[in-house]
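Undergrad: Letter by letter, the chains look like this.
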Amino acid sequence: MRVPIEWLREYVDVTASPEDLAYRLTMAGLEVEAVEHEEGEPVLNVKVTPNRGDCLSMVGVAREVAAIYNLPLRHPMPSARTAEPGEAAQVAKVEILDEDLCPRYAARVVRNVRIAPSPDWMQRRLLAAGMRPINNVVDVTNYVMLEMGQPLHAFDLDLLPNGHIVVRRAKPGEKITTLDGIERDLQPDMLMICDATHPVAVAGVMGGSETEVTPGTRNVLLESAHFNPTSIRRTSQRLQLSTEASYRFERVVDPSGVVAALDRACELLSQIGAGEPLSGVVDVYPRPASERIVTLRPERCNLLLGLNLDVPTMVDCLRRLQLKAELHDGVIHVTVPTFRPDLNIEEDLAEEVGRVYGYENIPERLPFGHTHRGGDSPNTRLIRPLQEAFVRAGLIEVHTHTLRAPGPLDDPNRTPVRVRNAASEELSTLRNSLIPSLVDVVVHNLARRQTEIFLFEVGAVFAQLPNGEYEEMLKAGFALTGSVFPPGWDARYPAADFFSAKGVVQTLLEAVGVAEAEYQLLTDPRFHPGRSARVLVGGREVGIFGELHPDVLEQLDIMRRTVLAGEFDVHTLWSLATRRVRYVPLPKYPAVLRDLSLITPEDVPYQTVERTVKQAGGTLLESVKLFDVYRGERIPEGTRSLALSLTFRSPERTLTDEEVDAVVAHIVRALEEIGARLRA
Amino acid sequence: MEERIRTLIEEATQAILSASNTAELESVEVRYLGRKGQVTELLRALPTLPPEERPRFGQLLNSVKAQLQTQVDQRRAELQRKEREERLRAERVDITLPPRPLRLGLKHPLTQTMERVRAALIGLGFEFVDSPELDDYRYNFAALNYPDDHPAMDEQMSFYISDTRLLRTQTTSVQGRIMEKRKPPFRIAVIGRCFRNETVDATHHHTFHQVDAFMVDRGISMADLKGVLAAFARQMFGEDVQVRFRPDFFPFVEPGVDYAIYWQGGWLELGGAGLIHPNILRAHGIDPEQWTGFAFGLGIERIPMIQYQIDDLRLFLENDLRFLQKYGA
Chain A
213 MRVPIEWLRE YVDVTASPED LAYRLTMAGL EVEAVEHEEG EPVLNVKVTP NRGDCLSMVG
273 VAREVAAIYN LPLRHPMPSA RTAEPGEAAQ VAKVEILDED LCPRYAARVV RNVRIAPSPD
333 WMQRRLLAAG MRPINNVVDV TNYVMLEMGQ PLHAFDLDLL PNGHIVVRRA KPGEKITTLD
393 GIERDLQPDM LMICDATHPV AVAGVMGGSE TEVTPGTRNV LLESAHFNPT SIRRTSQRLQ
453 LSTEASYRFE RVVDPSGVVA ALDRACELLS QIGAGEPLSG VVDVYPRPAS ERIVTLRPER
513 CNLLLGLNLD VPTMVDCLRR LQLKAELHDG VIHVTVPTFR PDLNIEEDLA EEVGRVYGYE
573 NIPERLPFGH THRGGDSPNT RLIRPLQEAF VRAGLIEVHT HTLRAPGPLD DPNRTPVRVR
633 NAASEELSTL RNSLIPSLVD VVVHNLARRQ TEIFLFEVGA VFAQLPNGEY EEMLKAGFAL
693 TGSVFPPGWD ARYPAADFFS AKGVVQTLLE AVGVAEAEYQ LLTDPRFHPG RSARVLVGGR
753 EVGIFGELHP DVLEQLDIMR RTVLAGEFDV HTLWSLATRR VRYVPLPKYP AVLRDLSLIT
813 PEDVPYQTVE RTVKQAGGTL LESVKLFDVY RGERIPEGTR SLALSLTFRS PERTLTDEEV
873 DAVVAHIVRA LEEIGARLRA
Chain B
636 MEERIRTLIE EATQAILSAS NTAELESVEV RYLGRKGQVT ELLRALPTLP PEERPRFGQL
696 LNSVKAQLQT QVDQRRAELQ RKEREERLRA ERVDITLPPR PLRLGLKHPL TQTMERVRAA
756 LIGLGFEFVD SPELDDYRYN FAALNYPDDH PAMDEQMSFY ISDTRLLRTQ TTSVQGRIME
816 KRKPPFRIAV IGRCFRNETV DATHHHTFHQ VDAFMVDRGI SMADLKGVLA AFARQMFGED
876 VQVRFRPDFF PFVEPGVDYA IYWQGGWLEL GGAGLIHPNI LRAHGIDPEQ WTGFAFGLGI
936 ERIPMIQYQI DDLRLFLEND LRFLQKYGA
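Top to bottom, those sequences are chains A and B. Going letter by letter, the first sequence gives residues 213 to 892 in this note's numbering. Going letter by letter, the second sequence gives residues 636 to 964 in this note's numbering.
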């Protein structure tokens, strides 16, 4: 809200500089976002928190200023106060059919209206406060709203049959054209101000154009009311129509100030010669709001604030806020006026004492008492080693969007969770896999001429389950494209391929402590059918990875590149971890190395060869390493040559050649059973 | 014979000294001292000499041989040194050429920040827990003392999945989950992703990260909140950082504050905090007369934005490698 300081000074004699005022208001909870200048006059731009509707007016801000600087507050007291129906009752009639949505409705009547521009001083203040002057009658209603916080509305009385106002909910099919010229369909829950037959205003939001005050208006009915904040908020949202009035009504307007605002408006209208107010007010207020008493125990106040204030200081802070505060039996009884609906409990009062006294005066203290052992969350303990493994493998971490448009790279086995109120397709589902977003990042960076893209992410993905429930799972994913080593000025390295990705997978598995994994060809439309794998540990799938299908790459406009991606389920992976780190003494005896050069049929997987060697090798076989794979002219078609380096060692003695030869012979026999033979 | 030997010594010495590289020296050595070398041949010719001359010439030739061998060895050492020097000179590279790059991984700047936040709060005794991103409306709003249709909810329009499920708008949603299960005293923290249905610009995003910490114990006051926040801020931003409170409103705290740090000449707002609303404690069977508590929250992105003077929030989820690689410390 814009608060011209010149206007503010009408209610409180504050002499502080605009900057000091801005600082102290901010420190007291009314954040001044900026001090602006309107034709040289300083204007405070105040951000009012949603609980402080009472500060959406000059008087409301002045009340805070008075409390902060300990100054008296001058409330604008209209000279002619009305309480009696008077003449107004003969001209206007008000009927409230929905008391729950409209607890109070009051009207006054102004005769012999002469529509004209309002006086300069008023126009200047309205402009400074950010409102456009329209004519004297409308300007006065806006002026009073800005001054006292009570929105007012002026109807052309002669367009209201018999001056009859009915406050009720809209009927099915009813419509109204609002002042902005838009015809609006009304819904049965919306509160309307109606004449005898149809709506003339959307209560608390905007008037109708039919009863609008125009240059030809001669008589005016002024409305001042108290509406249910929730109802106004819903109506305003559903009509997508937010106004100065609805903004205030949503944040609670003081029900006790309804008539005072009418009186103030009438006073101003006659003062500027815009019309002649009739005596009296029609005020329908079936169940008047009453003031509440909230108590504050001084020791509780000090406990909450961490201060040591005496009772007179607390009472003074509260009184400065225009609250009645009295001490009875050691407890401060505070009478809360109707303009402060936010004060309901002891803690609310402690806050008021604290902020008037100044939060900057609260000391810093570290809590004592119970000791607590802090720690990482269970998920973090699973995620961190994975992040670190990926980093060791040379990958860069990304954080991608959870919300995304469905796409061809989504996990085909998981139904995506849809966002009900998504504003765009881009935000319409929750990711069911990390792969699509990782590939998006690849595309994004390729478009920026980055060619070396090695990425990972660990994060939540979602799925809708057949039973209607939702599943949130942690996944660890990666994507890579580029050369195996970063290219420099003197060397070209081969492009990363399936086996580079497998290296990343291996690093990941080792980090978790998975001793042995099995790789099976993957059937998944996103991946190359011959260069992708399911990774199984103990027979359970922990993840998938491989080259993306060329069709997918084509759709993404990625040409002549190999892109690899993969995704692992974090919890499954950890649940299958077997390795426990234990000290094993370093070998005392020398190793014996033997190389085997084998010719195997193409359809015997390496995995089978290695498993056969290990099984036949027994305990003396320490390790098997593949060091060459050859296909070509020198060996028969349909076969390949595998060169293995075997390391034999005993923890107890130096092995003899004869011993090793016997084991190797055993291995070779076992290999022959799976169709392999030694290469001559 | 003596004449021949003298000539031989002269010739050989000359040849040894004039050998300009080790290969040449090698052939000189072979020529004189090899199996068919001239010295060897003279030694072989000894039996043809008269017997009385044999010992003298034998000794002489042997000492000549040793002398020449020493000369060869010296010369070889010299030449080898020279040749190595030459090789090293020839091997000189342009050391100003760029390095051969290594493939280095690194963590995202947000992860790096989250790790620092965790370390700071764990040091203050907070135990981190996990909480779902796809949460219940109840935990996100109702359990946090939000009345229906409160205007405060304007500020966090949510992504709804169903009537009861939404993407959490704040990590504060963990409070209800914890209080349902645990009795005080406790110090709990949660860190993670949050979502708000907002228009994206340089300072707003529909996806961001938050940390939320809260504790409930006997006699917890605003002074404790201020002390803990100050200790936390000092660890994140340096020893001399100051913390400032000012009143603010959040439905789940009373009194509520917004806190700021003094950073490079101005106050920077970090997040919201306050004493946990007694309604929340009471709703979970915790007697607010016995127990009080505080809670504070903080946007993770805010921290690197302050520290590295990043002015666009969108960079964090855009994942431009040129951006990420800048914060690879």
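Please note: incorrect hints may appear among the correct ones.
Said to hold, decoys possible - Some chain A residues well away from chain B (every beta-carbon gap over 12 Å; in silico):
1. Arg660
2. Ala708
3. Pro762
4. Ser809
As the list claims (entries may be wrong) - Under 7 Å between C-beta atoms, here's a sample of chain A residues computed to sit facing chain B:
5. Asn263
6. Ile574
7. Pro579
8. Val603
9. Ile608
10. His613
11. Ala617
12. Pro618
13. Val631
14. Arg632
15. Thr790
16. Glu884
17. Gly887
Calculated from the structure, these hints are not laboratory results. For each residue, glycine too, the CB sits at the ideal point set by N, CA and C.
Undergrad: All the hints need checking, so say for each whether the structure fits it.
TA: Taking the hints in turn, this is what the structure says about them:
{"no.": "1", "hint": "Arg660", "in the structure": "6 Å, violated"}
{"no.": "2", "hint": "Ala708", "in the structure": "10 Å, violated"}
{"no.": "3", "hint": "Pro762", "in the structure": "24 Å, holds"}
{"no.": "4", "hint": "Ser809", "in the structure": "32 Å, holds"}
{"no.": "5", "hint": "Asn263", "in the structure": "5 Å, holds"}
{"no.": "6", "hint": "Ile574", "in the structure": "5 Å, holds"}
{"no.": "7", "hint": "Pro579", "in the structure": "4 Å, holds"}
{"no.": "8", "hint": "Val603", "in the structure": "4 Å, holds"}
{"no.": "9", "hint": "Ile608", "in the structure": "6 Å, holds"}
{"no.": "10", "hint": "His613", "in the structure": "6 Å, holds"}
{"no.": "11", "hint": "Ala617", "in the structure": "14 Å, violated"}
{"no.": "12", "hint": "Pro618", "in the structure": "15 Å, violated"}
{"no.": "13", "hint": "Val631", "in the structure": "5 Å, holds"}
{"no.": "14", "hint": "Arg632", "in the structure": "5 Å, holds"}
{"no.": "15", "hint": "Thr790", "in the structure": "24 Å, violated"}
{"no.": "16", "hint": "Glu884", "in the structure": "41 Å, violated"}
{"no.": "17", "hint": "Gly887", "in the structure": "38 Å, violated"}
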